[in-house]
Amino acid sequence: MNFSEVFKQSNQLCKVSPDGKYLATCVQYRLVVRDVGTLQILQLYTCLDQISHMDWSSDSLFILCAMYKRGLVQVWSLEQPDWHCKIDEGSIGLVSSRWSPDGRHILNTTEFHLRVTVWSLCTKAVSYIKYPKACQKGIDFSRDGCYMALAERRDCKDFVSVFVCDDWHLLRHFETETQDLAGLEWSPNGCVLAVWDSCLEYKVLLYSLDGRLLSTYSAYEWSLGVKSVTWSPSSQFLAIGSYDEKVRILNHITWKKITQFEHPATISNTKAVVYKEVVKRPAVGSDDLSLHNITIGTTLFNTQSKYEICPTPVQLPVVKPDPDRANPKIGVSTVAFSSDSRYLATKNDNMANVVWVWDMQKMSLEAVLEQTSAVRCLQWDPRRPRLAVCTGNTKLYLWSPAGCVSVQVPTEGGFQVQSLNWHCSGDSLILLGKEQLCLCYMDHDQEDK
Amino acid sequence: MGEWWTTVPIGSSIGNYEISSISHVTMSPSRQNNHVSSLPLSRTSYNVISAFCTEDNMPQCISYINQELDSLGLCSTRTCIEASSPGGATINTVPAVNAMYEIMQIHRRNMCNLEELEKEQLKTSSNLDHIQMNNSRLKDQLELSIREKSGLHETERQLQLKIKTLQSCLKTEKDEVQKLQSIIASRASQYSHDAKRKEREAAKLRERLSQLLVDRKDKKLAMDVLNSLGRSDGKRSHWKTTKTTASHEGEMYKSLLNDYEASQRSLVLENAELKKVLQQMKKEMIHILSPRPASTRGAASDDSRDQAESDGEEKAGESNRETLDQSCEQAREHLTNSIRQQWRKLRNHMEMLDSQASQVQNQLESDKEVVPRDTHEDEMERMRREVQQCKEFIHAQQQLLQQQLNTSFDDETAVLLNDCYTLEEKERLKEEWRLFEEQKRNFERERKNFTDAAIRLGREKKAFEEDRASWLKNQFLNMTPFTDRRRCSSSDGQSALSIRSEPEMRISSTKSQLAKSSTYATFSTPKPTKSATVPSTTELYRTLRLIPDSSSSRQSKRGCWQESSTIEDGDLRVKSNNRIRCGDLSIFSLGGDENSLT
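Protein chains in written order, with full-length UniProt numbering: chain B, 1 to 449; chain A, 1 to 598.
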């Protein structure tokens, strides 16, 4: 495993182009585009203000930089560096900006969710979509880029509009049976739309592309409900994480529950492997405490850690949430399928140090990773069943069915991994610190060479 | 009253003392006066006896006494005491004495009665005391319980009061709850109403805001593009027409249809796969079940019926195979039904096997001893016979010797020779005896070896049975359609044979032999039949040969044979020993057989 040198970035804005060739990073008001292989700067763009959002177009030709405070969006072309485009939302404000799947339209959500403005880069045409709902996930494009589902709120009722992205034609508009719609998501095959209610009510609705209600699922009543919803890449399963610390898996034929994964504080399942991160502080001798060591710095403060396999039953640390506060830290907030739909990684918020990996073939617990600190981010390798985890310290953790490893990021100045992103080839990993970034190349790469 | 009561028995009814007091009561009034008057009289008479009768008033006294006596009914018919002379002061003594006596009697009786009555009274008084005490105690108790009762009453009253208050409390609480619920409901409705109102207001505001913003013709609101881009797909954009909407619809339905088709295809595929598995399972089941009835030689009616059934099933299976592709309802039902049937049969078969196995286990335990014992006993019998023969030979020899001796005695000329002969004979006999002893020892050893071998054979046979059972089981388990049958039968079967698994199934030797041959025929697995057959005697000997001990003993035996033969050669000259030699030969015929077999 190799690591690149450290680069600057701000706002954790750092993205690899969809074709995997370029790496765009934002530093204050500058946008830097690098070649992923050599890490040499290819282009450097200067925006009008500090960039708050940045995104690649689907064809990797354009980069969108949004400056929400100013209500501005600037678009840069990689092929024609002198081409420029500036969209000003004016006094109406801007809270969110995104590309349409074709990479020729920009969808801006205005302040107070007054409307969604669709700007065409081809025709300079502007179209408005009114009544967008301010919620967890109000807009979703289907995987093939054909359709867009938008949650709307009119007359205190929830609606879903399905648009054809090609010409923004309204294909379907239907009312949903929700009290307060919280989010929607297309199945990866683009034929089923999952819609879920806010946490006050456990309700998941499944709509066909043509607006027919396929099924309704509710596990229980009178308690805080859905916290996260994720489709498996095969569209076969719908995983619903909820406030009762369980993940329920629905099947795609009957839309009934196949199984539910519980997150108990004591793991007694003997088939699951429990990896516990053990911190080993380096023994500091009196002669080690020289000025030299301290100035060199990082190694002194960095602690070694490794995984130990604990024999079951294992007691996991649980934090009891404050019941009087809203949005209690309990329940499954993160549910992620591996790219081959074989594994499912989950995180239960009142056991923030623990990552659970489930085997979707056996429908059972495969592994448990008990970290020393709270898990910040976890992401699956887009090519292999390999899970990368970071906990806001100087280490990167990787899990695969073969085992679990903890890697120290060998950079100076205490690079703390706050977030991570896989390169689409699965060969490298972008680690994001607070103001820095660093690329991590997997061993696999070298083996291939 | 008590006083009166005590006086009552003084009357004549001494014997009727036990008569109820009521009868006394009825009698009493007439007598009361008498007694009252008589008692003080009698008492005073002791004290003033002298004062009662004096010289002067003798007759009066007498008459008085007479009267008294009369009244007492002592001398009712005649005057008891009469003045012997009316004028004199003498009394007729005999009646007086009689009267006296009677009076004394009466007196004594009365005294007795009195004593008894006193005792009785004591008793009753103590009784009375006791009862009184009891009474007082009970009274105390009563009082206590009354007090308790009142206390309980009080507490009950209090509790009831409490209940009442609690009930009222409950009522108020319930009311409260209801009120709160209604409040909550009203609040909820109010809240939702407010929320809606707020939302509407917000919507209105948003509307207004957007309108205002739009109306103001926000100059800033603009897009500044150097030159517009081409579409990502390179096409030009279309006009929005009804045609395009229709095409969008079509597109959508097409994608939906595609998805459904894909899912249907996958389902069909899965279905076909499952059907295939089902079919295969069925085939395997038929396969497993069909050879069984043939193998079981005990042609029970059950088996024959099974066979017929399975034949029918086979036919049905074939027909099913034909109809498999036309996945019509009926065929499917047929298939599932037949599978179910087969499965049931299989289960029965398995259960039967199970019971058989348990039976066989018991049988084997007995068999293990019985089977070798038969042959063992045969052998023993033969050996015994041979020993008997040997003994007979010895006897005959002795007789012959005697005869010879006798004849030699008869022959006078051979007296000298006789001595030599006898000596020689003795020597020879001794030699013979030694030989015989050795043979006997050899026999013993051989017998021991034989028994050992027989036991070993039995053990081996048992092990083989176990192996076979486990192999059969493995074979059966490997017959499942999910694993490659051939692979399993070759690899797993072997491993099952090599690793001796727990004997779960044991089948009796004879039965297994037949069943085994048939199953091997069907599953075409090679070797391990050889060691399983029932051992013939030759094989038995062969196994005997395999034992190192036996071979060494055999060698020694061979040596014996040679020895004996040499001796016999020597004996050939002696005519009289011919028979012995013959006997020896017959004895060693067994050994000869062995040699030829090796």
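Watch out, some of these pointers could steer you wrong.
[To be verified] If you anchor each label on the Cβ, the simulated ranges turn out as follows:
{"id": "1", "chain 1": "A", "residue 1": "Leu212", "chain 2": "B", "residue 2": "Asp167", "range": "27 to 37 Å"}
{"id": "2", "chain 1": "A", "residue 1": "Leu212", "chain 2": "B", "residue 2": "His173", "range": "46 to 56 Å"}
{"id": "3", "chain 1": "B", "residue 1": "Asp340", "chain 2": "A", "residue 2": "Glu333", "range": "16 to 26 Å"}
{"id": "4", "chain 1": "A", "residue 1": "Glu273", "chain 2": "B", "residue 2": "Pro328", "range": "43 to 53 Å"}
{"id": "5", "chain 1": "A", "residue 1": "Ile455", "chain 2": "B", "residue 2": "Ser364", "range": "51 to 61 Å"}
{"id": "6", "chain 1": "A", "residue 1": "Tyr191", "chain 2": "B", "residue 2": "Asp167", "range": "52 to 62 Å"}
{"id": "7", "chain 1": "B", "residue 1": "Val126", "chain 2": "A", "residue 2": "Thr242", "range": "46 to 56 Å"}
{"id": "8", "chain 1": "B", "residue 1": "Ser364", "chain 2": "A", "residue 2": "Asp354", "range": "27 to 37 Å"}
{"id": "9", "chain 1": "A", "residue 1": "Lys243", "chain 2": "B", "residue 2": "Asp19", "range": "29 to 39 Å"}
{"id": "10", "chain 1": "B", "residue 1": "Pro264", "chain 2": "A", "residue 2": "His287", "range": "23 to 33 Å"}
{"id": "11", "chain 1": "A", "residue 1": "Tyr191", "chain 2": "B", "residue 2": "Val319", "range": "42 to 52 Å"}
{"id": "12", "chain 1": "A", "residue 1": "Ala246", "chain 2": "B", "residue 2": "Asn269", "range": "15 to 25 Å"}
{"id": "13", "chain 1": "A", "residue 1": "Leu212", "chain 2": "B", "residue 2": "Gly413", "range": "48 to 58 Å"}
{"id": "14", "chain 1": "A", "residue 1": "Thr242", "chain 2": "B", "residue 2": "Asn269", "range": "37 to 47 Å"}
What the hints contain is simulated information worked out from the structure, not anything from laboratory work. Quick reminder that beta carbons are idealized off the backbone N, C-alpha and C, glycines included.
Here is how each hint holds up against the structure:
A beta carbon spacing of about 30 Å between Leu212(A) and Asp167(B) agrees with the range 27 to 37 Å that was offered as a hint. Under the hint 46 to 56 Å, the C-beta atoms of Leu212(A) and His173(B), about 27 Å apart, miss the expected range. Evaluation of the 16 to 26 Å hint for Asp340(B) and Glu333(A) yields a failure: the beta carbon distance comes to about 38 Å. At roughly 47 Å, the beta carbons of Glu273(A) and Pro328(B) sit within the given window of 43 to 53 Å.
Under the hint 51 to 61 Å, the C-beta atoms of Ile455(A) and Ser364(B), about 52 Å apart, fit the expected range. For Tyr191(A) paired with Asp167(B), a C-beta distance near 42 Å fails the hint of 52 to 62 Å. A beta carbon spacing of about 24 Å between Val126(B) and Thr242(A) contradicts the range 46 to 56 Å that was offered as a hint. A C-beta distance of roughly 32 Å is found between Ser364(B) and Asp354(A), which places it inside the suggested range of 27 to 37 Å.
In this structure, Lys243(A) and Asp19(B) meet the distance hint of 29 to 39 Å, their C-beta atoms being roughly 35 Å apart. Judged by the Cβ atoms, the range 23 to 33 Å given for Pro264(B) and His287(A) is violated: they are separated by roughly 47 Å. The given range of 42 to 52 Å is broken by Tyr191(A) and Val319(B), whose C-beta atoms sit roughly 31 Å from each other. For the pair Ala246(A) and Asn269(B), the supplied restraint of 15 to 25 Å is violated, since their beta-carbon distance comes to about 55 Å.
One distance hint, 48 to 58 Å for the beta-carbon pair Leu212(A) and Gly413(B), holds here, with the actual separation near 51 Å. Checked against the hint of 37 to 47 Å, the pair Thr242(A) and Asn269(B) fails, with Cβ atoms roughly 60 Å apart.
When the structure is compared with the earlier hints, violations turn up for hints 2, 3, 6, 7, 10, 11, 12 and 14 and for no others.
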